Structure formats: structure tokens, C-alpha cells
Amino acid sequence: MRQALSVGWTSMRDALHAEWTKLRTVAGTSWLLLAMIALTVALSAMAAATVHCPTAGCGQDPAKVSLTGIQLGQAVVAILAVLAISGEYSSGTIGITLAAMPRRTTVLAAKAAVIGGVVLAAGTLAVLGSVLAGRLILPGSGFTAAHGYPMLSLADGPVLRAAAGSVLYLALIALLSLGVATAMRDSTTAIGVVLGLLYLFPIVAQAVSDPQWQRHLQQLGPMSAGLATQATINLGSLPIGPWAGLGVLAAWAAAALLAGGLLLRLRDA
Amino acid sequence: MTAGTSTPYRSGLRTGRDGFAQLLHAEWTKFRTVRGWVIGMLAAALVTVLVGLLGPAGSCEGPGGQACKPSAPQVGPDGEAVTDSFYFVHQPLAGDGSITVRVTSLTGLYPPNGAVPAGKGPLTGMRSGTQPWSKAGIIIKESTRQGSAYAAMLVTGSRGVRMQYNYTHDTAGRPGAVSATSPRWLRLTRSGDTITGDEWADGTHWTKVGTASLAGLPSTVQAGLFVTSPDYVVTTQSRSFGGSSSTGGPTQATARFDHVSLQGAWPRGAWTGDGIGSQAGGGGPRLSAGFRQAGGRFTVSGSGDIAPAVAGRRGGGSRTIEDSLLGAFAGLIAVIIVATMFMTTEYRRGLIRTTLAASPRRGRVLAAKAIVLGSVTFVTGLAAAAVAVPLVERLERDKGLYVFPVTSLTELRVIAGTAALLAVAAVLALAVGTVLRRSAGAVTAVIVAIVLPYILAGASVLPAGASEWLLRLTPAAAFAIQQSMPEYPQVTASYTPNMGYFPLAPWAGFAVLCAWAVLTLGLAVVLLRRRDA
Numbered sequence: 010m011r012q013a014l015s016v017g018w019t020s021m022r023d024a025l026h027a028e029w030t031k032l033r034t035v036a037g038t039s040w041l042l043l044a045m046i047a048l049t050v051a052l053s054a055m056a057a058a059t060v061h062c063p064t065a066g067c068g069q070d071p072a073k074v075s076l077t078g079i080q081l082g083q084a085v086v087a088i089l090a091v092l093a094i095s096g097e098y099s100s101g102t103i104g105i106t107l108a109a110m111p112r113r114t115t116v117l118a119a120k121a122a123v124i125g126g127v128v129l130a131a132g133t134l135a136v137l138g139s140v141l142a143g144r145l146i147l148p149g150s151g152f153t154a155a156h157g158y159p160m161l162s163l164a165d166g167p168v169l170r171a172a173a174g175s176v177l178y179l180a181l182i183a184l185l186s187l188g189v190a191t192a193m194r195d196s197t198t199a200i201g202v203v204l205g206l207l208y209l210f211p212i213v214a215q216a217v218s219d220p221q222w223q224r225h226l227q228q229l230g231p232m233s234a235g236l237a238t239q240a241t242i243n244l245g246s247l248p249i250g251p252w253a254g255l256g257v258l259a260a261w262a263a264a265a266l267l268a269g270g271l272l273l274r275l276r277d278a
Numbered sequence: 164m165t166a167g168t169s170t171p172y173r174s175g176l177r178t179g180r181d182g183f184a185q186l187l188h189a190e191w192t193k194f195r196t197v198r199g200w201v202i203g204m205l206a207a208a209l210v211t212v213l214v215g216l217l218g219p220a221g222s223c224e225g226p227g228g229q230a231c232k233p234s235a236p237q238v239g240p241d242g243e244a245v246t247d248s249f250y251f252v253h254q255p256l257a258g259d260g261s262i263t264v265r266v267t268s269l270t271g272l273y274p275p276n277g278a279v280p281a282g283k284g285p286l287t288g289m290r291s292g293t294q295p296w297s298k299a300g301i302i303i304k305e306s307t308r309q310g311s312a313y314a315a316m317l318v319t320g321s322r323g324v325r326m327q328y329n330y331t332h333d334t335a336g337r338p339g340a341v342s343a344t345s346p347r348w349l350r351l352t353r354s355g356d357t358i359t360g361d362e363w364a365d366g367t368h369w370t371k372v373g374t375a376s377l378a379g380l381p382s383t384v385q386a387g388l389f390v391t392s393p394d395y396v397v398t399t400q401s402r403s404f405g406g407s408s409s410t411g412g413p414t415q416a417t418a419r420f421d422h423v424s425l426q427g428a429w430p431r432g433a434w435t436g437d438g439i440g441s442q443a444g445g446g447g448p449r450l451s452a453g454f455r456q457a458g459g460r461f462t463v464s465g466s467g468d469i470a471p472a473v474a475g476r477r478g479g480g481s482r483t484i485e486d487s488l489l490g491a492f493a494g495l496i497a498v499i500i501v502a503t504m505f506m507t508t509e510y511r512r513g514l515i516r517t518t519l520a521a522s523p524r525r526g527r528v529l530a531a532k533a534i535v536l537g538s539v540t541f542v543t544g545l546a547a548a549a550v551a552v553p554l555v556e557r558l559e560r561d562k563g564l565y566v567f568p569v570t571s572l573t574e575l576r577v578i579a580g581t582a583a584l585l586a587v588a589a590v591l592a593l594a595v596g597t598v599l600r601r602s603a604g605a606v607t608a609v610i611v612a613i614v615l616p617y618i619l620a621g622a623s624v625l626p627a628g629a630s631e632w633l634l635r636l637t638p639a640a641a642f643a644i645q646q647s648m649p650e651y652p653q654v655t656a657s658y659t660p661n662m663g664y665f666p667l668a669p670w671a672g673f674a675v676l677c678a679w680a681v682l683t684l685g686l687a688v689v690l691l692r693r694r695d696a
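Listed in order, the protein sequences are those of chains A and B.
When you read off a place in the first sequence, starting at 1, and then add 9, the result is the number in our numbering.
When you read off a place in the second sequence, starting at 1, and then add 163, the result is the number in our numbering.
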């Protein structure tokens, strides 16, 4: 019997398999992933179609424009990740999950790996779609070589970094949401907290009168810092560097997962 | 053993009534007895105030170490913030009288790059050209004090002849530019508190352009010629998250006047020339304001503006009262969570079947829920906003920040409007929760629909046109109700969403959110009736 021999590694593999089966067979998953890709590409394409660059040096960042849809797509990613754990609490399957897999940290780690992997895959599609839309639409909006903008291409280092960074951004948002939802248990509260964390920092940063505080808030906010990875021009004026920004988001995600994991271990399910 | 009939049991309780009041009472009982919802509402009020308190937080120094204490605008006769700086060639006028003048030219100088080259004299590098709202003409003013009441007849750079008074009022006269071959005759007549502005438009008789009633005008006023020219503004898109920024520089206008004729009790003495306010806006170098008089001809140069002040949301430490209500976004998220749960929890726990069994008219159930939720949210929002606005304003003033003054009616509209916005958003969330029956999707849909357009419009990525459409069509339009500073056509400024100006009027923007709520509520009623619970 395999269970008799089960050591850490095997149980992790089982946990991954179990989580993958759960995620795969829940009705909402494929719809949410499709919606995420569609909404991301749609908003990106709309942004690319509305932004105009009439003259050289119009100051617009074509990569950032064509990745605008991430700001909408992340909300769907948050739903997916929150439901992965809150769904278990609301339907009561968490009891069965934990009975079958008593190592709770392993359960959470497996969930994080599966959700992260799925979002990485779907996020890659969404980002590729957005970049393709930008590549097709932006030249018509004045982003031409004559105005100092070569065609958007992933062969270009900063653009590749913006695209890959956006995929990582979505995956980190999924982990952050999973951590928050594990701590909160209830899906409504969890999704509200996640969206609040994401959307409130940029708004509150506007309200602060002290420019230093404004900058710090933008450096601290998971969305405003994480999306710094989308910038390809004028990096010096960013409140935080592209990779440092993703690092801030990763720290948020790690803190949320840690808090969720601790509460999962300490509390009754 | 008695073979009597047994009386069936009758409850001593009265039979329940199914009136709407009972339904309201039932929903209110549900709301108030769930601890999480009550805590959620209290949290909404709390975060609204606390996030608002972040506004005046921090030190009062900019990145360069300069104090963020701004140059405070003047306060006009109606209590609003105004700009009042111009070159004034004046004499006292006692009692009633009139002044007539012919304007033969209006020319100007402006800094082409939005900044005056330093150190080479004030006018070096300036290009010739007037601003659209460069002004020259005649003015009757309470005194030479900045912010005092006035009425003026003037020609502008490219907006034709206007009659303006008390900063906010503006009436158009004949369009077209002024030149030696096409001069403009202007006349101002004072009679008591009433000042009439006329223009010799068709070469045969005087045409009235407008009438100003300046209550409390003293019997002796200052009257004469004036010239002013507002700052040249170049708006550049910012590359970071901060939004677009404006740079500009002071401009100067010069006008020639002749045929000055006065009726009434004028001293017939020499004209006095005074620069009212700093004769260069934006703290730039002083331009060469002044006047020359040769025979009956006057050449007057001036700089500045006589106009209402316009708020730039992130400019120079000046604040508007809606800045203190940005916490409402945090409160909004809490309210949306509670409002969605108010419906979706019934589905999750199966309570909806009991609710609908007790009150089979499903539309009325939803109406009762909406009324209870809307009222609770309105009261909560009102309390939070009524605390946040005066408190934050007080802290900001203590800190030396300038807060644009608004009338108490506007302040009331901003506070009550914020509460109403939260209440209608709660009803929208309730309706979306009824339609979707799942809380995670419903909460996300409502938050994204209200908050994301606001963020996208405020970020500098989208052009102003697209941002404005976002704030016309989406529920985020409702934040227009918080806008306390009106848009003035007679002042050139960037009235864009990221400067705090909404494309719709306050109540029109609020109506957009109401329309979304009503439509969704209608859909919710239809679905609630059709579907099995």
C-alpha cells in the first residue's frame, strides 16, 4: 500500500494531483479562465485603440498601454483563487480534504502550486493576446517608427520583461488571493479584501498631500508596485523599479500565504 | 366519558399580517442580528474616516525641501476662491456715473515653452500672441483690494467682447478680434448698485451686453482701464502613475485705448496706475506692467487674471473638500461586501425558501431588502462623511494647507451625495447578488464596475476623451457628486478626470449610478420571480 510508505514527497505529489483534479472538475474554473483571457485582451485592445500618439515624443508607453487589460483580468484571477479555498469552506469539502491530507501546509502548498501554474498558463495566453492586439492596433493610433516607436515585439528586451512580468504579476495576484482567502475563509469577504488591497492604494495615494507619502504608498501597494513591471520607457520616473515592484507584490503574496497557512494550521476547519 | 366535541386548538397569538411594514421589519431584524454585517457597516464608516485622515498626513514639505504652503487664492464676494491680479489705471468715481472708451488693439507676449528663460530680463524669449482669455477693457471696482466686487466690459484675446462681474459671471457680446480697423467701443454705467455694460456694436447705437447687481457697493468706487493676461499652460502627459502635469508661465497683454470719456462725479485729476496683485502669475519674474498716457491715448500692459480660481487636484498643496472623502472608496468596498451578502447568504443557507414561503410576493421581498439596506447604508455613509469632511478640513488648515472654500450648500451636497452614492451602490450590489446568486462573482462585478473605471480614468494611460467616456457611462460616474469646484468656461485649465473634474454634472453623474441600480434591480425582480429559489 502506498499510504503506508507515504513520506513527505509522495504526499505532496498526491496533494498536487488531488488539487488539480478538484480545480479541473469544478464547473467554474474553465469559464473563469476563459473570461479572464477574454476580458484582459478586450480591455487591452480598447486601450490600444483609444490612445493616440499624434507626434514624436508623446510620452506614451506602448507596452503599458497594450497591457492595460491586466488591471481587469486580475479581478477574475482573484475570484478563481479565492473560490479554490473558500469554495471548500462553503461546501464543507474542506473537512474531507483535511481528513484525507492531514498535513495542512502541504494542502495549501499544493493548492498554491496548482492555482499558480494554471494562472501562469492562462496568463501567458492573455498577455500574448494583449501584446498581439497592441502590435496590430497601435501603429494605427500613431505609434509608428516615425514617432519613435518601433513595432511592439517580444524580441525587444523591455517589452519581453513587461510581458513576462505581467504573467508573473497575475500568478502572484492568484497567490495573494489564495492566502487572503485561506485566512478569511468566507469568499465574499476575501474577494473584497483582495480587491481593496489592489485598487485602494492607487486611489489613496492621490489623496495624500505629502509627495513622499504618495511615493511610498505607490511603492507599497501590491497593484501600483507590481504593475511597474509594465513600464518600458522613463523607468527613472517610476516610484519603484520593475523587478523591485514585482518583489513587493511577491512579499505581499508570501505574507498572505504565511498568514493563511498559520491560521489553517491553528484553527479548526 | 363525555362524548362532547373537542374544541380545536386556537393559538392565543394574533395571526401575522403580511403588510409591507412587517416585511421591512423582518428584513431589518435579519440585518441587525447578523453580527458580521453590523460590524461590516461600522467598518465601512471607520475606514471612510481613517483613509481620509491619511490625506493631511506626512510632512508639509515637497521633495525639493520647499514648503508645501501654497500661494492662497483671494476670496471673492460670494465666498469662492478667486484670482484677482491685473494692471489698473483708475480714478475714484463718487455716486452714479459712466465711463466710455474705445479699444483699438490688444497684443500679447507668452513663453513658448511654458517657462520664461531665466536671468535675461523678463521678456527675453517671449513670443508674441494673446491668450484666449487675455482681457482689456474698463472696470468699476469696489476698491483696489484683491477679491473686491467689480463689473467690467472687456475685449478678449479670442473670445470677443464680454461683460464679466464678480469673478464667476460672464456674458458674451460681439465676437471677433479687436484691431485698429475694427475697434470696440465699451461703456459701463453705474446707477446705485446696478452696473450696465454696453457696446457700440453696429455703429449706430449702443447695445446692452449685460447688467450686474453688486449689492453693497460703496458710494465711491474705483473705475478706469485694466489689462490682464492669464498664465500660459502647457499640459504634458506624465510618464509615471501620477497623471498629467501642467507647466506654464506668466504672459502679458498690452492694449491701446482712446476716446476715454467720463460722466458723473469724477475728480478730473491724473490717472493712477496700480498693479493689483502680483503682476505675474505662477511666481515667475515680474513682467513690465504699466501704462503710458499721451494726449487722449493710453497704452496699458498687465498680467494675471480676474477670474474664479480653479483647483488642480495635486497642485502645490491646495486641497478640495472631496479630497477628504477618498476614504469613501474603502467604505464602498465594505458596503458592497455586506450588501451582496445580505442576499447571497440567503441562498447559501437556504433561508431564501423560508423568506419566500413567508412572503410569496417576491418583488416585495427584494423591495424591502433594498429599502432596509439603502437606509442603513445612507445613515452610515452620512455619519462617516459628516465626520470626515470637517475633521480632515480642520487638520489640513492646521497644517497650513490651503483648502478651497465652498458654500455650505456645496458642502452639504458633497456629504449627502457621498452617503447617497454608498446607498445606491449597496442596492446595486444587492441586485447583482440576486442576479448572480454567488457572492464572489457579485462582489467582484460591482467593485470592478465602480472602482476600476475611476482608476483607469485617473491614471495617465488613457487619453482624456476615453477617460471622460468611462466616467459618463460606467457607475463610476456617480463620483461626480463629490466634485466641489465647478468648471468655468471663462478660465482655461485642464478640466480632466485626473485633475478632479468629471465630465457630467454632479447630479447627472449620480443619476447614471441610479440608472444602473434600477436596471439591475428590475432584472433581479424578473429573475427572482421566474427562477426556483
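Worth flagging that the hints you see were computed from the coordinates, not collected in a lab.
A quick note: this is a predicted structure, and the numbers were derived from the prediction, not measured.
Backbone N, C-alpha and C define an ideal beta-carbon position, used for all residues, glycine too.
Check the hints yourself; a few may be wrong.
As the list claims (entries may be wrong) - Okay, the calculated beta carbon distance ranges per label pair: (1) A:T34 - B:T192: 37 to 43 Å; (2) A:L163 - B:V542: 21 to 27 Å; (3) B:L636 - A:L163: 43 to 49 Å; (4) A:R274 - B:A579: 33 to 39 Å; (5) A:R274 - B:G199: 22 to 28 Å; (6) B:D561 - A:I105: 39 to 45 Å; (7) A:L145 - B:L686: 33 to 39 Å; (8) B:G199 - A:S39: 29 to 35 Å; (9) A:G101 - B:L690: 40 to 46 Å; (10) B:S538 - A:G101: 55 to 61 Å; (11) A:A155 - B:S376: 43 to 49 Å; (12) A:G101 - B:V197: 16 to 22 Å; (13) A:R276 - B:A546: 46 to 52 Å; (14) B:R693 - A:T34: 25 to 31 Å.
Claimed, not checked - Some chain A residues well away from chain B (every beta-carbon gap over 10 Å; in silico): (15) L92; (16) I212; (17) S218.
Unchecked claim - If you want the footprint, here are the derived chain B segments under chain A, 3+ residues with CB under 8 Å: (18) 356 to 366; (19) 633 to 644.
Here's how the hints hold up against the structure:
Restraint check, T34 (chain A) to T192 (chain B): a C-beta distance of roughly 40 Å satisfies the suggested window 37 to 43 Å. Against the hinted window of 21 to 27 Å, the Cβ-Cβ separation of L163 (chain A) and V542 (chain B) comes to about 54 Å, which falls outside the hint. About 34 Å separates the C-beta atoms of L636 (chain B) and L163 (chain A), a value inconsistent with the hinted range of 43 to 49 Å. A hinted range of 33 to 39 Å is violated for the C-beta pair R274 (chain A) and A579 (chain B), which are about 48 Å apart.
The supplied range of 22 to 28 Å is met by R274 (chain A) and G199 (chain B), whose beta-carbon atoms lie about 24 Å from each other. The given range of 39 to 45 Å is broken by D561 (chain B) and I105 (chain A), whose C-beta atoms sit roughly 59 Å from each other. Hint check: L145 (chain A) to L686 (chain B), Cβ distance near 36 Å, so the stated range 33 to 39 Å holds. A C-beta distance of roughly 32 Å is found between G199 (chain B) and S39 (chain A), which places it inside the suggested range of 29 to 35 Å.
With their beta carbons about 27 Å apart, G101 (chain A) and L690 (chain B) fall outside the hinted range of 40 to 46 Å. Judged by the Cβ atoms, the range 55 to 61 Å given for S538 (chain B) and G101 (chain A) is violated: they are separated by roughly 35 Å. Taking the beta carbon of each, A155 (chain A) and S376 (chain B) are about 58 Å apart, not inside 43 to 49 Å as hinted. Restraint check, G101 (chain A) to V197 (chain B): a C-beta distance of roughly 20 Å satisfies the suggested window 16 to 22 Å.
Here the CB-CB span from R276 (chain A) to A546 (chain B) is close to 34 Å, at odds with the stated 46 to 52 Å. In this structure the supplied range 25 to 31 Å holds for R693 (chain B) paired with T34 (chain A), their Cβ-Cβ distance being about 29 Å. Non-interface call for L92 (chain A) relative to chain B: violated, since the shortest CB-CB distance, roughly 6 Å, does not exceed 10 Å. The Cβ of I212 (chain A) sits about 5 Å from the closest Cβ of chain B, inside the 10 Å cut-off, so the non-interface label is violated.
Under the 10 Å C-beta cut-off, the non-interface status given to S218 (chain A) relative to chain B is violated; the minimum distance is some 6 Å. Only when three residues or more bring their CB closer than 8 Å to a CB of chain A does the claim for the stretch 356 to 366 of chain B stand; here the count is 0, and the claim is violated. Look at the stretch 633 to 644 of chain B against chain A: 0 of its residues bring a Cβ nearer than 8 Å to a Cβ of that chain, fewer than three, so the hint is violated.
This entry does not satisfy hints 2, 3, 4, 6, 9, 10, 11, 13, 15, 16, 17, 18, 19, going by the numbered hints stated previously.
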